[in-house]
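Chemist: In case you want the letters, here they are:
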Amino acid sequence: MAKGVKPRVRVPKKAAAGEIITIKTLISHTMESGQRKDADGNIIPRSIINRFTCDFNGQNVIDVTIEPAVSTNPFFEFEAKVPESGEFKFTWYDDDGSVYETSKPITVG
Amino acid sequence: MTLTRRKVLALGAGGLALAGLGLPAWAAETTEEAIASFTGGAEMGEGLLTLTTPEIAENGNTVPVEVSAEGAASIMLLATGNPLPNVATFNFGPLAGARHGSTRIRLAGTQEVMAIARMEDGTFQKASATVKVTIGGCGG
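In order, the protein sequences belong to chains E and R. Using my numbering, read the first sequence as starting at 176 and increasing by one per residue. Using my numbering, read the second sequence as starting at 162 and increasing by one per residue.
Everything labelled a hint here was simulated from the structure, so no lab data went into it. Wrong hints could be hidden among the right ones.
Each computed EDC-like pair below joins lysine to aspartate or glutamate, with the alpha-carbon atoms no more than 16 Å apart [what the hints assert, rightly or not]: (1) E:Lys189 <-> E:Glu259; (2) E:Lys199 <-> R:Glu231; (3) E:Lys189 <-> E:Glu254; (4) E:Lys264 <-> E:Asp230; (5) E:Lys188 <-> E:Glu262; (6) E:Lys256 <-> R:Glu227.
So, partial list: chain R residues that the calculated Cβ filter (under 10 Å) puts toward chain E [to be verified]: (7) Met205; (8) Thr223; (9) Pro225; (10) Glu227; (11) Ser235; (12) Ala240; (13) Pro244; (14) Pro246; (15) Ala249; (16) Thr250; (17) Phe253; (18) Gly254; (19) Ala257; (20) Gly258; (21) Arg260.
Beta carbons: idealized from backbone N, C-alpha and C, even for Gly.
Generate coordinates for the entire structure from the input sequences, incorporating the hints supplied.
Modeler: Have a look at this one:
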């Protein structure tokens, strides 16, 4: 597992039923591209987050395939529809097999 | 050296190919392959997909880009001048509020950034923008 991986997510606490909200996510990760070389000229092996998904109450909102060209600390902003109260679940998949998860509740009312 | 008709034609064709693509020759093939694997060689329309990039990026390590296309099922981002042209693919689920996504990407140098959207009706849309990069973002 890469060190110091910390997901940060911004979701509004409340929404009206059917409202479209903006979600911002950031996860601290070096996203080593596999293109760089160290001081001795050896290629530093690739180590990135290769997939990010967001689901709401089990239904998919967005699924992003990520390549090494995405910056360090990958940031994503997107919109989601909120039909009812529930929980957003965010998942990041690392090249090394680790999975980072976080979730945020939202209340409709 | 005498300029034969054949040589003149060859030079002209080479020059046109370079000017038309605006890409370094080594990147052209892989970018085309990436597009082909996404679209399956289908024709791409223009106009429905919006790609927002800065005109000048001081730092190629983190360039904000935004894509949006009403009615898109998924949108692929390509950096045509990077060692690996694939950047990211947004696949929208049933609860996506808008067919819109934004992220930050690495660009190796001044180049054309391209977005291709697969619409829900199975057609494809493309958009591209040139970004001037002051400091490249791929190390080395």
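Chemist: The structure should be examined with respect to each hint, and the outcome stated for every one.
Modeler: Hint by hint, here is what the structure shows:
1. E:Lys189 <-> E:Glu259: Holds, at about 10 Å.
2. E:Lys199 <-> R:Glu231: 20 Å, violated
3. E:Lys189 <-> E:Glu254: 15 Å, holds
4. E:Lys264 <-> E:Asp230: 5 Å, holds
5. E:Lys188 <-> E:Glu262: Status holds; Cα separation ~10 Å.
6. E:Lys256 <-> R:Glu227: Violated: lysine 256 of chain E and glutamate 227 of chain R sit about 19 Å apart, past 16 Å.
7. Met205: 19 Å, violated
8. Thr223: This interface hint holds because 4 Å falls under the 10 Å limit.
9. Pro225: 8 Å, holds
10. Glu227: 8 Å, holds
11. Ser235: 9 Å, holds
12. Ala240: 5 Å, holds
13. Pro244: The hint holds - proline 244 of chain R has a Cβ within 10 Å of chain E, the shortest such distance being about 6 Å.
14. Pro246: 8 Å, holds
15. Ala249: 5 Å, holds
16. Thr250: Because about 4 Å separates threonine 250 of chain R from the closest Cβ in chain E, which is inside the 10 Å limit, the hint holds.
17. Phe253: 6 Å, holds
18. Gly254: 3 Å, holds
19. Ala257: Interface hint status for alanine 257 of chain R: holds (6 Å vs cutoff 10 Å).
20. Gly258: Holds. Min distance 3 Å.
21. Arg260: 9 Å, holds
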